[in-house]
Amino acid sequence: MDFNLILPFLSTIVMFVFTVFVLKRYAVRKTPQFLFWGIGLAMFGMGSFAEAYLALAWNRWVFFGWYLFGAALNAAWIGHGTSYLMFRKKWVHGATVVLILGSLFASYLMLKAMPTLNEELFTTEKPISEQYGTKRLDAGEKAPEGVATVVQEYRGELVETIPGLMPLGTSVRMTTPFFNIYGLLALVGGALWSAYLFWRKRVLPNRVVANVLIAAGALLIGTASTLTRLGYGQFLYIGELFSAILMFSGFLMAARPQPAEKQVPADAVAAD
Amino acid sequence: MAKTERSGRNIVSQDQSHIPKNSIFFEKIIPALLVGMAVLMVVLIIFAAGILFGLIQF
Chain A
1 MDFNLILPFL STIVMFVFTV FVLKRYAVRK TPQFLFWGIG LAMFGMGSFA
51 EAYLALAWNR WVFFGWYLFG AALNAAWIGH GTSYLMFRKK WVHGATVVLI
101 LGSLFASYLM LKAMPTLNEE LFTTEKPISE QYGTKRLDAG EKAPEGVATV
151 VQEYRGELVE TIPGLMPLGT SVRMTTPFFN IYGLLALVGG ALWSAYLFWR
201 KRVLPNRVVA NVLIAAGALL IGTASTLTRL GYGQFLYIGE LFSAILMFSG
251 FLMAARPQPA EKQVPADAVA AD
Chain B
273 MAKTERSGRN IVSQDQSHIP KNSIFFEKII PALLVGMAVL MVVLIIFAAG
323 ILFGLIQF
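Protein sequence lines correspond, in order, to chains A and B.
Residue 1 is where the first sequence starts when you use this note's numbering, and the numbers rise one by one after that.
Residue 273 is where the second sequence starts when you use this note's numbering, and the numbers rise one by one after that.
Same shape as in the complex, but just chain A (with noise of 0.2 Å):
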């Protein structure tokens, strides 16, 4: 077995850990961003376990899982907890409904693009994140050495495409990036807020450099999920391993009592 397809049973390890560390927080203190976090962390740790499985064989709704969750949904849901630290309820409590209609339409569409997978394409030779996509190729690119294309029309135009498990103009890959810019905002936006915050009134170093790790890390999987989309699969889930780490790291570090958080000021708890 490739090496690059045993990192995600290691993510899935970190990322179970993670998610029962935050749910537990979440059980004593009863506020919604352990409750938010904990459930996208644990469709990270799903779609890392979806990955693994599909290294090994082809189920269809265990990819259902791996893209639902795991490309589309966990970003989202993970940096809507954040949201609830940085604006008000009210606000975000709007916000959480826009979520929980837009994963549901999310969830039909992928029920709906179910039937139209290429499954026959399916190989354990490959990970998932490099066979999931139809590429489109531009005039003038070429495919790899030794990879099969196929002319089809789209959208009444002739196009080159390497074909993939999901057709081209599968319409549950038009709301990953809706899903993704908001948790990309509130979870990198507002970790790198709160450690200015920090930083600038020179207090808790400690959480400076927690959500330091925590932008770190989830820019790390945006990275690679960015790559991905561009063809470049190979560097997922090392991206996804590392990600889940330093995002582990952030927060247990960011949950370790200071002598001196007894002084800090209301405004810059934002990474509670």
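Careful, some of the hints might be misleading.
Distance condition first, Cα-Cα at most 25 Å in a straight line; then the derived BS3-like pairs of lysine-lysine [said to hold, decoys possible]:
1. A:K89 to A:K30
2. A:K126 to A:K142
3. A:K112 to A:K135
4. B:K300 to A:K201
5. B:K300 to A:K89
Worth flagging that the hints you see were computed from the coordinates, not collected in a lab.
Chain A is fixed; fit chain B onto it per the hints.
The following block gives chain B in isolation, referenced to the frame of chain A:
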């Protein structure tokens, strides 16, 4: 000696600041990381928006 100031309803103890003075890590590396990551975040958001608006094919 502890020096405190009142800001709103919070009392901030300046001696309780744990960010060390003259630390290269906190004075140079952290600000650079914050700026660098903010730029990367914007780039990724522009990329995702490019997909949404059909400027980037996938």
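The hints, checked one at a time:
no.: 1; hint: A:K89 to A:K30; in the structure: 14 Å, holds
no.: 2; hint: A:K126 to A:K142; in the structure: 20 Å, holds
no.: 3; hint: A:K112 to A:K135; in the structure: 20 Å, holds
no.: 4; hint: B:K300 to A:K201; in the structure: 16 Å, holds
no.: 5; hint: B:K300 to A:K89; in the structure: 35 Å, violated
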